[in-house]
Amino acid sequence: MMKSNHTLNVMLTVYVILIFMFIFAPIIFSMIFSFNSQRFPTIPLGHFSTEWYQKILADPDVWDAARNSLIVSSCTAAVATFLGFCTAYSDYRYNFRFKGPYLALILLPPTIPLIIMALAMLAWFSKIGMSGQIYSIIIAHSVLTAPFAMAVIRLRLSQMDPDLEAAAWNLGGSEWATMRHVIIPFCKPAIFSGLFLTAAVSFDEFAVSWFVSGLNKTLPVMILEIVQGNIDPQVNAIGTFVFFISMTLVVLAQIFFASRQMKSF
Amino acid sequence: MSDALVIFDKVQKKFGKFVAVKELSFEIYEGEFLAIMGPSGCGKTTTLRMLAGLEAPSFGEIHLKGKVMNDVPPHERDTPLVWQSLALFPFLSTRENVEFGLKMRGVGKAERKERALKWLDKVGILDFADREISTLSGGQKQRVALARSLVMEPQILLLDEPLSALDAHLVIRMQAVLTNLQRELGITFVYVTHSQSEAFAMADRVVIMDEGEIAQIGKPKDIYREPANQFVAEFVGRNNILSGTVASFERSTALISTSSGSFTVPTNSVQLTKGQNTSFVISADLVHISLEKPASINAVYCKLISEEFVGSMVTLFLEGAEGSRI
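Line by line, the protein sequences give chains A and B. All residue numbers for the first sequence refer to this note's numbering, where the first residue is 2 and numbers rise by one. All residue numbers for the second sequence refer to this note's numbering, where the first residue is 748 and numbers rise by one.
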């Protein structure tokens, strides 16, 4: 019995390692090649070099794209988390007719194929004369990511004692004061988690950005354009950079997510 | 004790078609400890929530200090409530929880702290002022909840089954804390509970509710000695409830024949007619059991079936004539 358990454990461990290898191998290869002196991704490797990093750091286009990405993802995070909080709270607080369809509609965007979403966004934005601007990407990304923020915040609200809000009113807090001093502090970990999560999704997002960005390229869009032109290890360098930013954001989101679960009782 | 602080005037509450409270009229006097008691679903918590402004009455008026309160939002009333779930703010420390109401009322930081500490001391948990709520025990949380409401120094304090989550020995201790505080402060306490022992141990007056209506209001002793009807008698845990018809009556007594025999019962100014169906209670402490047939009236011959032993009391199950059980 013990022995079969042991074999099972070994097999499971190997299985998990394989899965992680499968997921991370491409990224790791990309990282390795970003430090490779040779132009083409071949083995054997050349010598260690930071040439490609120096190149992208000297390229004003890359800086522009990075700046765009940063603006887009931080604005998107703020807008999407605000929208997510509002919908989550309206779901928590109120009961109304058609609440089921209301929630379904809000949760819909991530289920729509990105390319269709992107095309629709482009068509709509150009019709109302808002395409090709940096705020077009922010709007499109907010629509896309708000459901993530809402899901996280809604989960947090569901852990709240339903009497808590009424208790604050009972102690003399108006509805706004209660929102400020009770609901938002209670949801704070989820709000931060939502901010980082939506920022990460927006920072990575390619399809919608590519369609609606016009000349305001974000980093993922830029990567594609370089790849389309020629083979250039700069892509690996930019990719590594994007990967670390996204991972940092996701890890931060997870930290807040975990801290609130420990604190809730 | 004579001024009515709160008046419920024909108050009704409906949730859709369900009537939670039907035509409730009663008064709460200044400085009294009033318990509202009844089985779950009798409308007692709804009554309390209406007083706090968390539910609006469908009909009727609630007066507080002579003012109609129907349209006053909860945060403008001074009716702090101690919640069954406690509803403490988990992201605040003990002291910050107690300060919350004062903060909402715009009291300055230094005064807030001073008053919060004073009340934490009064309820005996000053040492825990800077602790996180989640690190406190059930009894300590209970005290925080109490201090959080009392720090507002209200004229009336509402309590919604505050002790229901505590262990039996803690309940007794908290009962003493509550009654002492109430006497010391002279604040009106309105205490909702389903526990007969809590209500009778602490309250000056008890309102017993059944299906949204008042079944009886009175002092605990009076309710115990003279339950208004069979529901009250059963609810307050009285045994020896006998039903029968009125065979004859005199000025102050009636002869009631039951399936267990005939009894002469004081009527206590209850209007009776001959042949009427009625029921009455024989207080357990007034029952004598003997093997010889006594000469006095109100004696029945019984067979002992079983006994149940609870602490200092023994409940005997007896079978009378014709198989009726007592």
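No lab work stands behind these hints: they were computed from the structure. We treat Cβ as the ideally placed atom computed from N, Cα and C, and that holds for glycine. Among the hints, erroneous ones may be present.
Unchecked claim - What follows is a list of derived Cβ distance ranges for each label pair: (1) D750(B) x F99(A): 47 to 57 Å; (2) I988(B) x L106(A): 52 to 62 Å; (3) F99(A) x N1024(B): 46 to 56 Å; (4) Y16(A) x K764(B): 52 to 62 Å; (5) M180(A) x E861(B): 51 to 61 Å; (6) A124(A) x G763(B): 43 to 53 Å; (7) E879(B) x L13(A): 30 to 40 Å; (8) E861(B) x L115(A): 52 to 62 Å; (9) E861(B) x S175(A): 18 to 28 Å; (10) W177(A) x K764(B): 48 to 58 Å; (11) N1024(B) x S175(A): 15 to 25 Å; (12) A803(B) x A124(A): 26 to 36 Å; (13) D825(B) x W177(A): 15 to 25 Å.
Going through the hints against the structure:
1. D750(B) x F99(A): 47 to 57 Å: Holds - the Cβ-Cβ distance for D750(B) and F99(A), about 50 Å, lies within 47 to 57 Å.
2. I988(B) x L106(A): 52 to 62 Å: holds, 60 Å
3. F99(A) x N1024(B): 46 to 56 Å: holds, 54 Å
4. Y16(A) x K764(B): 52 to 62 Å: holds, 57 Å
5. M180(A) x E861(B): 51 to 61 Å: violated, 28 Å
6. A124(A) x G763(B): 43 to 53 Å: holds, 46 Å
7. E879(B) x L13(A): 30 to 40 Å: The hint (30 to 40 Å, Cβ to Cβ) holds, given that E879(B) and L13(A) are roughly 38 Å apart.
8. E861(B) x L115(A): 52 to 62 Å: holds, 59 Å
9. E861(B) x S175(A): 18 to 28 Å: holds, 25 Å
10. W177(A) x K764(B): 48 to 58 Å: Given about 34 Å between the Cβ atoms, the range is violated.
11. N1024(B) x S175(A): 15 to 25 Å: violated, 56 Å
12. A803(B) x A124(A): 26 to 36 Å: violated, 49 Å
13. D825(B) x W177(A): 15 to 25 Å: holds, 20 Å
Checked against the numbered hints listed earlier, the structure breaks hints 5, 10, 11 and 12; every other hint is satisfied.
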